[in-house]
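Chemist: Given next are the chains, with one letter for each unit.
Number of protein chains: 2
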Amino acid sequence: MDIDPRSKKTLCLEDLRRRVLTQALEPGVYMDETELSEIYGISRPPLREVLRQLAGEGYVVLHENRGAQVAPMTHKTLRNFFVAAPMIYAATTRLAAEHATAAQIVRLKECQWAFRQAIKSGDAAERALGNERFHSLIGEMADNEYLTPSLRRLLIDHTRIGMTFYNPRKLALAPQRELAADQHDQFIALIETGDADAAADLAVAHWELSRAQIESFVTPDSITIPLGRAPGQAETGGAS
Amino acid sequence: MDIDPRSKKTLCLEDLRRRVLTQALEPGVYMDETELSEIYGISRPPLREVLRQLAGEGYVVLHENRGAQVAPMTHKTLRNFFVAAPMIYAATTRLAAEHATAAQIVRLKECQWAFRQAIKSGDAAERALGNERFHSLIGEMADNEYLTPSLRRLLIDHTRIGMTFYNPRKLALAPQRELAADQHDQFIALIETGDADAAADLAVAHWELSRAQIESFVTPDSITIPLGRAPGQAETGGAS
DNA sequence: CTTCTGGTTACTGTAGACAACATGTATTAT
DNA sequence: ATAATACATGTTGTCTACAGTAACCAGAAG
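Protein chains in written order, with this note's numbering: chain G, 1 to 240; chain Z, 1 to 240.
Please keep in mind that the hints were generated in silico from the structure rather than gathered at the bench. Incorrect hints may appear among the rest.
As the list makes no split between identical chains, a pair holds if one copy fits it or if it spans any two.
Below are the SDA-like pairs computed for lysine to any residue, each with C-alpha atoms no more than 25 Å apart in a straight line [unchecked claim]:
{"#": "1", "residue 1": "K120", "residue 2": "Q213"}
{"#": "2", "residue 1": "K76", "residue 2": "T193"}
{"#": "3", "residue 1": "K120", "residue 2": "L78"}
{"#": "4", "residue 1": "K76", "residue 2": "I105"}
{"#": "5", "residue 1": "K120", "residue 2": "E98"}
{"#": "6", "residue 1": "K9", "residue 2": "Q112"}
Generate the whole structure from the sequences, applying the supplied hints.
Modeler: Structure, rendered in structure tokens:
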């Protein structure tokens, strides 16, 4: 579909994906077709095609006569996410270890290198996109057209959730970030040796780490702060 | 997205889905935009939107400057299908038993009634579409936006495969068809009582039955036919 | 002051016409 | 005779202009 990476339409598609993933376009907001078509230098019909495709991929939701809405995140979202993620991640990682080609492993290593660079730089968006790409590549390795759709859908919200909670200034979380990156190296090693069982286990462990991080933000430790002290931290707060 | 079922565009979308599922549009064939737009009485831009959406849903594959192709079925298709199906079916059925609402169960019963009618009538397409709708409704009950994409993708090919192999004239398979329909009734009963474990087990059993039917056609028992006899059957044969 | 109704506005949905690309064929040169 | 190239044809990709619809706001009646 997107063979020619130079076309404006493809650029538009990729940029909109990026904007949704990084929450530059916040969940739930409505998008103006005319405005977007002017931004990307194309007319409305092809832009509408792009929006349809994004709807199919789960980035946006289309409403009749009311336009495209960035896929919202509700209270049910997180719960459903916790149910589906470990199963899909474990399954796709297992299949990746069984089917990965040499060329794919090379690309995965390049991606991991870029991911570590992003962590060092402290750029939340780059880190989140790098992580998304890493797991997306594992999905490609799995080479199963029936599991990929759910994996892609999971990665969209996993990235957005990570983007919400990730804060490079929280030094206490640096060890966890290192651990996550180390696990990525282990993914590569296990996929390269074709150890499917270990890869599946690692996928679950990797997921548990991510889950713990998310839960630590959903249930913050603000209780430990003594009463009467000036509250200087409100980092997890909203955007706009 | 498709709130108004009367619009030509929605009709077009649903009809194309139906045509792909019943193999009226055979896997791999290319579709002519102009021709389709004339058939459904709409112009090419909205038709192209429909094709994009169908691509997102996995019914068709888009090729740059070469149009839309009905999603092909290769040798890898069946293998990947066998890997993913039991996992997704079991998971969604379990969740359906946990989350189903009364209104949804009513609709499922209506669907099951229609399904039995279709079996009696011997209409392969109606039966296949009825089965697809039944499992699609269970997917809705599961109410998990992360698992639904894979389920829908599975159901597309499950329906097409069933459409290929199903032959109402094969009387030997009548008991299996009856069993499948009975299992649907059991699905309803277990979902209604909320027995998630039993529902998941039934999903696997239901899948195994379907799998056995498929395998019996992939590996036909032509060996038992004595040599020298006129070969009168070539039903599973290829397309254009 | 509240509520219903009419108009206004801004957006989405669609159509028709034009441009770009790919394919198949015929012609020419080797 | 064969291969390569140029052309003709048909399809996809895109743009501009128009039609339809829903939300918003103002004004009048209760």
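Chemist: Decide, hint by hint, whether the structure agrees.
Modeler: Okay, the hints, checked on the actual structure:
1. K120 with Q213: Within. Shortest intra-copy distance 19 Å satisfies the 25 Å Cα cut-off; inter-copy 55 Å does not.
2. K76 with T193: between (38 Å within a copy, 23 Å between copies)
3. K120 with L78: neither (28 Å within a copy, 44 Å between copies)
4. K76 with I105: between (36 Å within a copy, 21 Å between copies)
5. K120 with E98: Neither: 32 Å inside a copy, 44 Å across copies.
6. K9 with Q112: Answer is neither: 28 Å inside a copy and 44 Å across each miss the 25 Å cutoff.
Of the hints listed earlier, those the structure fails to meet are numbers 3, 5, 6, in rising order.
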